[in-house]
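Visitor: Could you build the full structure based on these sequences and the hints that come with them?
The residues making up each chain are set out below.
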Amino acid sequence: NAGVTQTPKFQVLKTGQSMTLQCAQDMNHEYMSWYRQDPGMGLRLIHYSVGAGITDQGEVPNGYNVSRSTTEDFPLRLLSAAPSQTSVYFCASSTSRGRNSPLHFGNGTRLTVT
Amino acid sequence: AQRVTQPEKLLSVFKGAPVELKCNYSYSGSPELFWYVQYSRQRLQLLLRHISRESIKGFTADLNKGETSFHLKKPFAQEEDSAMYYCALSGRNNAGGTSYGKLTFGQGTILTVHP
Numbered sequence: 002n003a004g005v006t007q008t009p010k011f012q013v014l015k016t017g018q019s020m021t022l023q024c025a026q027d028m029n030h031e032y033m034s035w036y037r038q039d040p041g042m043g044l045r046l047i048h049y050s051v052g053a054g055i056t057d058q059g060e061v062p063n064g065y066n067v068s069r070s071t072t073e074d075f076p077l078r079l080l081s082a083a084p085s086q087t088s089v090y091f092c093a094s095s096t097s098r099g100r101n102s103p104l105h106f107g108n109g110t111r112l113t114v115t
Numbered sequence: 339a340q341r342v343t344q345p346e347k348l349l350s351v352f353k354g355a356p357v358e359l360k361c362n363y364s365y366s367g368s369p370e371l372f373w374y375v376q377y378s379r380q381r382l383q384l385l386l387r388h389i390s391r392e393s394i395k396g397f398t399a400d401l402n403k404g405e406t407s408f409h410l411k412k413p414f415a416q417e418e419d420s421a422m423y424y425c426a427l428s429g430r431n432n433a434g435g436t437s438y439g440k441l442t443f444g445q446g447t448i449l450t451v452h453p
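Chains as they are written, first to last, in the numbering used here: chain A, 2 to 115; chain B, 339 to 453.
Treat the hints as calculated values from the structure; they're not laboratory data. Don't take each hint at face value.
[Claimed, not checked] Partner residues are not named here, just some residues of chain B that face chain A (Cβ under 10 angstroms, in silico):
id, residue
1, 342
2, 347
3, 350
4, 352
5, 376
6, 377
7, 382
8, 383
9, 384
10, 424
11, 445
12, 451
Owing to the predicted nature of the structure, the values given are computational and were not obtained by experimental measurement. Just so you know, even glycine gets a beta-carbon here, dropped at the ideal spot from N, CA and C.
Guide: In structure tokens:
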């Protein structure tokens with residue numbers, strides 16, 4: 002199993018550009034989520050999904066869109082990139098809806114917006 | 339609202355010394371708490387969870403509901419313990435149901451163990 006796979010690993014955007022961060026998991030996990038990691042802020046939840054066709058907002062959803070058309074994929078879209086979105090983005094998945102289920106993380110995407 | 343606080347951004351100890359990474363939380367219900375670790379060039383991974391009452395790589399953490407703390411401890415630090423450590427909390431959603439694995443993370447503590 003590859004686990005959680007994120008692409009690209011690095012990306013540089015200009016302000017106003019749009020792009021999609023890809024996330025795929027091959028563990029048949031119901032739950033998937035996107036976090037951003039910023040110095041001094043820890044990881045903050047952007048959006049999450051509890052299954053195909055179901056998504057909801059996390060703590061910092063503004064400027065991002067998500068969709069979940071399949072169990073495996075959970076792409077994160079930046080509609081109009083801003084310098085404040087410079088961050089490291091992590092996708093994660095979990096095997097069940099239980100609160101104790103650990104999250105499995107991808108390797109991250111380092112995004113710079115100039 | 340749920341909140342996790344890790345008061346130390348950086349923590350340095352020498353090999354063989356005891357180490358304690360502090361974590362305090364704010365949550366009105368019964369929380370589930372975790373420690374995640376990110377070693378250099380590796381992905382973030384679960385270290386331990388309070389419900390399992392386990393010791394992983396010599397680390398333990400006890401949930402103290404009175405002090406709302408979940409400090410991570412190891413009696414003798416090793417150089418390979420150097421990493422970023424995150425404390426995380428899983429609570430319930432606004433409707434009182436299971437939060438489906440949504441975690442609230444602390445700010446993280448970078449632990450450096452010197453030889």
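Visitor: Each hint: holds or not?
Guide: Hint check results:
no., hint, in the structure
1, 342, "holds, 8 angstroms"
2, 347, "holds, 7 angstroms"
3, 350, "violated, 18 angstroms"
4, 352, "violated, 26 angstroms"
5, 376, "holds, 9 angstroms"
6, 377, "violated, 12 angstroms"
7, 382, "holds, 4 angstroms"
8, 383, "holds, 7 angstroms"
9, 384, "holds, 4 angstroms"
10, 424, "holds, 6 angstroms"
11, 445, "holds, 4 angstroms"
12, 451, "violated, 21 angstroms"
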